[in-house]
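Below, each chain spelled out in residue letters.
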Amino acid sequence: MNIVACVKQVPDTEAQIKVKPDGSGIDEGGIKWVMNPYDEFGVEEALKMKEKFGGDVTIVCVGPARAMETIRTALAMGADKGIHISDPALENADAYTTASALAAAIKGVPYDVILCGQRAIDDDSGQVGSVLAELLGIPQVTVVTKVDVDGQKVKVVRPIEGAQLVIESALPAVITATKGLNEPRYASLPGIMKAKKKPVDVKDAAALGVSADAKAKVGKFIPPPARPPGKIICADDTPEGKAAEVAKLLREEAKVI
Amino acid sequence: MEHIPFSVGNEGRQVFWNAEHFELWLFLFTFVALGIFAYGIYRRWQMWAAMGKPEIRWDDTKERLKLLLRDGFLQIKTFKDPYPGIMHGLIFFGFVVLIFGAAFDATEFHITEPFGIAFLRGWFYLIFSFTMDLFGLAVLLGVLMALHRRYITRPDRLAYRGESDSTADDAIALLLLLGIIVTGFVIESLRIHVTQPSWEVWSFAGYALSKAFVGVPAETAKAMHAWTWWIHTFIVLGFIAYIPYSRLLHMITVPANHFMQNRKPVGTIEPIRDFENAESFGVGQLDEFTWKQIFDADACTKCGRCQDGCPAYLTGKPLSPKKLVQDLKTYWLEKAPAAVMAKKLADEPAKWPYLGKKWPILNTIDFIIDFLLAKTKGMPTGAPAEKALVGEAIELHELWACTNCMYCMENCSASIEHVPKIIAMRQYKVLTEADFAPELQLTYRNMENNSNPWGVGSHLRGDWAKDLGVKTLAEDPNVEYLFYVGCSGSFDDRGKKVSVAFAKILKEAGVSFGILGAEESCCGDSAMRGGNEYLYQTLAQANIEVMNGYGVKKIITTCPHGYNALKKDYPHFGGNYEIYHHTEILADLIAKGKISLKKSMDGVFTYHDSCFLGRYNNIYTQPRTILGAVPGMKLVEMERNLAKSFCCGAGGARMWMEEEGQRINNTRAAQAIEVKADVIAVGCPFCLTMMSDGIKDNKKDEEMKSLDIAEIVWKSMDLEEEPEPVEVCAAPAE
Amino acid sequence: MAKGVWIVAEHRDGALRKVSFELASTARKLADQTGDEVAAVVVGSGVEAMAAELGKYGVDKVFVADNAAFEPYTTDAHAAAVAKAVKDNDPAILLVGASAQGKDLAAALVGKLAAGLATDCTDVKIEDGKLVAVRPMYAGKCFGEVVFNAAPAMASLRPNVFPIVETAKAGAVVKFDAGVDAGALKTKVVEVQKEASGKIDVAEANIIVSGGRGMKGPEGYGILEELAGVLGAAVGASRAAVDAGWRPQSDQVGQTGKVVSPNLYIACGISGAIQHLAGMSSSKYIVAINKDNEAPIFAKADYGVVDDLFKVVPALTTECKKLMA
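Chains as they are written, first to last, in this note's numbering: chain A, 1 to 257; chain B, 1001 to 1734; chain C, 2001 to 2325.
Since the hints were made in silico from the structure, they are not lab data.
It is possible that some hints are incorrect.
Claimed, not checked - Computed cross-link-like contacts, BS3-like style, restricted to lysine-lysine with a CA-CA straight-line distance of at most 25 Å:
no. : chain 1 : residue 1 : chain 2 : residue 2
1   : A       : K155      : C       : K2186
2   : B       : K1634     : B       : K1598
3   : C       : K2194     : A       : K146
4   : A       : K20       : B       : K1466
5   : A       : K231      : C       : K2291
6   : C       : K2216     : B       : K1700
Pulled out of the complex, with its shape left as it was, chain A reads as follows (with noise of 0.2 Å):
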């Protein structure tokens, strides 16, 4: 069984954020970069069916050189080559532009089984995934918290609201990974220096015949309003007088009941 993982590096979720003056993007000065956590969910549903039925795990990641750190600890944790597709053009790609990348590198690899992030923590565009699957023509299910593959199909548990769905397809099909669906792996030391040595392919936009063209972009980046600073709450000082305070506030100023 021939399993393909994406991954995207991402800022750490804790890294400051910081928009340019001008608008035009993110100031990555000082940004620790990581794998995206849902593409680890992934490469680690990979490494478990690799463990259970065998074949190879291919990496594949859309990003600009310092991406191959990311690369690097997907093998580390166990996944045997990688492909990384590395092109300034492709930089600040839209989905439909980074799913095309995507689907071209990995038409060259045999597949039965497409794992993906249900969506990166930076852009939070939650489309790859899916317009990866349209590309390759192949099914998909998104955001599944458990997976059962048996012979050549998949049987997955993909929670929504108030329910959770279980989804059949047939395969190869693209799978989006979400919390809950494991627990990724720690990369041993040897896996580590071992992932040194293992084969990564480089390619750019042109050796895959994909146009850079967005379809959506983001035109602007904007700073989030400031956070106002935390209320105390205290209406006419009585528990019931502060409850119906709170209750209004979440109704009407955060918007969240």
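Position chains B and C against the provided structure of chain A, taking the given hints into account.
Chains B and C alone, transformed into the frame defined by chain A:
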């Protein structure tokens, strides 16, 4: 044999009185006993040499001989515990004297007397007799104390969770000692009874006992004497022959272990140097320990001092340092014969190992004995059970329960080094197998990504100092001290208060200092002690690069974990600085009058010793001196204090792990409650968190609190208005 | 030339979901600025009746694909149907709900339509006759204004953010054949497991009501469960509560439990140890209820209530019930 008759003025006794024609037999039996003894040592030596990586523990012999004198002969470590210390001291020193006495006897009889020189005469004889009886009684008392303790009072340290670990060997050893002394006194008293010299009142014990034989005819007494003499002799020779095959071997292994004890600073862990090419890290198999680490296990007398103060054991965790070392020993005893065999094969690859060119006779004896043992016990001689060291012989729960508090090593009377073994096995689980607690994995990821265990954004590290006017070294590198704040002091709300208090004190005292701000990294202590040497070295190197870049020379830490890591472990990687803990600095500032403590602090304070400050770095007095300088307070000690202090439960990466069952911090907080403390003063942010939580869990948070020494000092300096209570209503409601 | 503002209406259990009305109202607003019509696509089985309802919220035309193969929802069937309608009619803008189903559908459509999509938008507007979508990125640490170079310009709208406005329009139903062959579908829903107990995992919950040491015992959690029931929230716990055995390990929020980022986190009787804060401080809104006004949790809270939680929480439950009725 001719000699001047004994008389008053020429007191003495005939050595080997009433023992006719004994010499040949005695020599023969002694030869056999010594042979059995020597062979036992030889077989043990083979086992010691068969396994483990090389390690040199005999450098600087002169210093080591001093350690041998201190710990081996003067028994300083043994005496740290009064009852067993005295008990062992009576037996040990008693026997030292008795052996010297026997040597005097033998020297006179076999060497000097044939030349007509007898020195055991007159006043010297009287003192000699008195001393021998006195020390004989000492041994007797020691043995009785030991028997009483082991079989009557049965302290828990001689057991594991109520299950006694006494074996027949323990009883045999004690009974042999008892037999030697009792028969010795009986011989003496029978001789006195028959010969009746008036001066023998100096042999007071034998003299007193001789009264028991009043009325026994001389001939009967002489016959009894002869029998007892041979019994005594056989027990002595049996004792000697028994040594290598029993717990009595500790007479050799323990002094050897003292001689070879660690001479590096307490708690130093040798860094792993080769990450690139090794296939396995730490210790996953017995052979990956050094031979000294294995020898340690053979030196253990299961005295249980380690267990007595082990925070894990005392709160019901599966770990007992004693059990761990004993399990290691058992495992080694299972594995060693095959290793000895393998080594013989390796030495003489082409031949049958038993009849090799080297030592053919010894090898033949080995073979015969192994063969006979195999026959009688039905035990195969070279195929030990396939049991993993880590996970089976030593269970993972034991391995991960250790807080690295150093109680066991500090209090071990055999200089056994438990903690480095535990760390080495953790390294195997973490680095080689990457199989360890998920919560610790999260901690390590956080340390990797944000250089702190909580995973708070690393850019926020210097934020605690924003409003204090504290400069970073980037802003001004020309300062005397670097204040290395550490993760707790930078990110933990409670820890930040300590950093703020300490920075304010330094400013007030006019100390020139700066911080690294966001350039600071985690010290890595938790990574290293949790077995993640790779992560630890990454963090250490990041710090060292920055510190060396600024030419840092002196560093102050408020966290003993950072203190210890920077002081002892960073030099391995080119980080050489003078390191001070803030209690050292504060004590100094107070002594020099740079700060004055004015405000009276009422209430009962108790100081909880941080393991990494106390046992690791011998900083016991400074915190107490500081607290002593605060007006008004009453300082009380908890029962477990100083070198026998009880850990808070956070060391050895335990801070970041779930704890099952009774919690160590709650146990420690309860000890503070026992002495009716209002404040638990600490010098460590981990202890601070653990004590605060412990106070809450004991439901005492209304009346008790935990404070860092720096906070107490700052309050007592009385330079800041008490902060207004937080306004409950920030603004009037709309 | 692409023309028209479209929405994909979402429904479940025979009724349109609230987000569909939010979509319709927003589409109406945009269409009024561009001078276009609003059209909706409804894909399902027996959905014709509910389709008409959309007219009330400003929809001019409703394209309905009615087929047993569309129930329950599968990505391939629904995406194929919507894609066909879009390709046949070439709208300029396509709005979808950023619900679990909507996000899934929208992403698949991007592939089928070679379009651009802005996910989980909190604002959409027309600039120079074109759609500009505003959406949070980096977990809300910044926002992006998305512009489009392909038609349709797609945006999924975060539920509960856009107002529902009633504007009566025709809502004329146009049935179309999506050309979906049930036998050719490669995925199928084999089971729908409703959350019988109503228990939601803290890791997935949008709202978490969490209790700590201040709950005083396992019985204290009753009032939290009531509030959670009203809010559709999960009940979480601090390490102290889990260690004390009051709540299961799986509910633990924090460094050593689950790291969560819900829209709303209500911390009751939690002092806010750093271990806990590390697990929940990325929540969008934090409410703290604690009687100790010095509890560190208040430094992280958007709304803090210093009072006895055993009085505040039941009152809050009553108030929320009222507001959400």
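So which of the earlier hints does this model not fit? none
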